[in-house]
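Novice: Numbered continuously in our numbering, the sequence shown closes out at residue 960.
It is possible that part of the hints are untrue.
[Unchecked claim] EDC-like, lysine to aspartate or glutamate: derived pairs with alpha carbons at most 16 Å apart: (1) Lys516 x Asp337; (2) Lys791 x Glu749; (3) Lys657 x Glu682; (4) Lys561 x Asp547.
Keep in mind that the hints were calculated from the coordinates and are not lab data.
Bear in mind that the values here come from a model prediction, so they are computed numbers and not experimental data.
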Amino acid sequence: MATTALATALPAFPARAKAVDTYNGGDVPMPAPRDGLDPRPTPEEPGRLLLDQGWRFHLGDVPMPEIKGHQATYENAKAGAAHGAAAMTFDDSDWREVTLPHDWAIEGAVDPQANVSQGYRRRGIGWYRRTIRLDPALQGKFLEIDFGGIATNATIWINGTIVDRNWSGFNGVHVDLTPYARFGDELNTIAIRVDAEPMEGWWYEGAGIYRHVWLAVRAPVYIVTDGVHCDPRRAADGSWSVPVEVTLGNISTENRTVMVQVTLASTDNVGIVVQSVHAEVRPLVTATARLDLPVTDPQLWSPESPTLYPLEVRVLDGDKLIDTRHFNIGFRTFTFDSRTGFHLNGQPLKIKGTCNHQDHAGVGTAIPDSLWDWRVRRLKALGSNAIRMSHNAPPTELLDACDRHGLLVMNENRQFNPSPDYMAQLEWLVRRDRNRPSVFLWSVFNEEPMQGSPQGYEMVRRMAATVKALDDSRPVTAAMNDGMFTPSNVSQAVDVVGFNYQIPQYDKYHAAFPDKPLTSSEDTSAFSTRGEWVTDKTRNIMTSYDDEGAPWGATHAAAWKAIAERPFVAGGFVWTGFDYHGEPTPFEWPSTSSFFGIMDICGFPKLAFHQHRAQWIDDTPVLALQPHWNWPGKEGTPIRVVVLTNAERVTLLLNGKKVGEAAVDRLKQPEFQVPYAPGKLEAIGYRGGREVARAVIETVGAAVKLRLTPDRRVMAGDGEDAQPITVDAVDSRGRHVPLVNLPAGFTIEGGEIIGLGNGNPNDHDPEKGSARKLFNGLAQVIVRAAAGRGKLVLRATAPGLEPTTLTIDRVVATPRAQVADTRPEMLLSFWARVPFTATRPDPNAKVGTDDRYATARGRSGRLEGPSDAGRWNGYQMNFTPPASVRRRGGVLTFTELAGSAEIWLDGKKIGEKRDPASARLDVTLPAGQGERSLVVLVQAEPGKASGFGKMVVVREKVDQ
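Please model the entire structure based on the sequences and the hints provided.
Specialist: Right, dumping it as structure tokens:
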């Protein structure tokens, strides 16, 4: 969509084919269902495996046991010796299984005693555990686990060793698994303690591992994570090039020389530029390969035409491909001019942005990839050309959608702190996102108290320098709400000054600093409740009319007018595009989510949605009528009617009779007082004397049936694809009934319901489950399709209404590669051991003492002997089996037992191995509660070692 600031010099609308566009209030107020599947973005690193499935989760802390005794204290100080829920041997078999992304806070009930800004949802502490089995063929590879985001503070253990402590819920965490990895039968244990009590924001932040987790498997010489910089540049003479830097790592023990090859393809994926260079990489030291690809006359990326070029980086060892990365890059130029605002590709473009948090109805912060794409499409439908992810690093899935659909991104850092831990988070953000064509601004903070001080200036100066060292092509900004006129303030350390809610300061600042580019980084903050038309603060309801600007902000009309009329203001970012959980300003309990959105928390439109479309879209007719036309008992009473349009003139008809006419001021939409009479209210829009659009709202009948409207008529049968389904009620003529507030219930086959919502900030019903009330005519069900070909069938019922069924085709789709799931196992590693003897030991005798110096130790994976003292050897261990084994019994597996053997449990022999040759032995472990005493007597072959050549493990019983 073409978008300009004002209605001056508007382009002509395309000639209509057979009829003008019509807005019909009887239609469901959402886009019509689409056919086909959206293309899945090409993964940046094709070899990465998803590590989303098979996690076990415990809500609440698991206190670490107190360490007592000399032996325990000694062992506690050693690598791999974690205790409690971090221990490799910890029993998590009774923990709940979850699939990531996962937000545990949205699963809980709202609590009036909890934090208001977090949406009255308890966060607390949780634990996650996962085991993975690594094929022996992976030995010598570089292995890394990549966490997209964990809210909030996380401690991560691998095989009992702490490998990372992270202090933010908004940055990614990369863990080098390589030095800790175990291969073959022995499992690798990942344990994560997540402390979500610390708050980084004043909005709903969620809790848990709420973004994807990946396992990267790379060759010994490899491209490091976020190690490619390939952002196109335009020279002063107008020529284009793509400078490419590739950072390589090497975990081998020798210097290695490899070839780095870069291919830039055209939009139809035909290779147009190929270059290569050799690089020598020393062991455990990174090296950088640099290339520069000339490009002739590329198509440019813009919100109207988001042209992407595939770029592939390949690393070859001789003729063998050993690593690769894929990027979609875009060619564009942009400047911020202190007098004329923002220019993209040499043309002025008013920034029409929204600020948004990263949650959605029903799913909280654990948003499926396809729902991120849906949200971006909703913003594009609004006429928006930019988004500010407030106030944190966005997920990569959102950025993929912004690159693909054409939405500029102000990319914002969370923590205003130049100390090493937090500077590393800023560096991570820039490295990860600097190749994105959509990213056009780096924001280092939002509304910081030190913004008008010398200290704030020095902090921003350092953070800006860090950004510039990694990316010198994009300007740095900071969102200020005060302090911009003090002698030393952060505006002096940024390229573009960002103002939050500073309409009175626009002209004053521009006059004082005429050479400083300026944008609104946050504006408006107007309150509204979808479908409500009278403010009632006793019931925590705000009208949908554009009347209720916050004391620090403005109405939608006033905020945009102040921006649109000033060419030197580059644009703005409305607070907010979507409602969000938490921060229910201007109210507190019982409101649990915000009132600021242009759309509600489900993405259903409010009046402001149509208002911004009328102000932001120029090349397509826009015309809508608000509110509805159902006012029983108010016959003859004037109803305030707003016409939202980009036409030049409108005529209003009631039941065919003209009741109003007006020229259109797009900065203040036409309003009429129309005495209510049941029937049809119709608006006709004109431009250049020609009818270009119509809008109709009608008095509808009583609701008789539910209706289910999907975003897509087809879903991918990959076990991941998700989409929102709109629920509304219709009358006997199939028209939307906007006043229905009935409870609805849902059942599903061929998929699962992962979330529900209705846009009501005061509704306390669960957002998980199978029931949700309609709120002012609408509700939303988010479904995820099962794997495989078939049908997803969603059924909806409501009291007194005819039920309805929606059937969606599930088509065959290859699931993304996942790390194989594993069942809980208990590794029996360290044993007390009877020294070799010529006589068979007594299986019921105590083995050793508590003194580690006086007791022989044995361990799985290590053979003992042979010994001149004799051929008999004994092992003893006390252990408590996993809960599932205690209840149902299990299997005791000796992966490789050398020697003949007797297996004794609690004084009873439960197994025997007569052949002394090394072999696997499986012994049935009977059910039983409490601690068990296990004794293994081993008799070696003459002159040979004996014992546990590989691991000993307790496993769950497998059902046949």
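Novice: Does each hint hold? Answer for all of them.
Specialist: Here's how the hints hold up against the structure:
1. Lys516 x Asp337: Given that 16 Å is the threshold and the Cα spacing comes to 8 Å, the pair holds.
2. Lys791 x Glu749: holds, 8 Å
3. Lys657 x Glu682: Status holds; Cα separation ~9 Å.
4. Lys561 x Asp547: With Cα atoms ~15 Å apart, Lys561 and Asp547 stay inside 16 Å; holds.
The structure agrees with every numbered hint stated previously.
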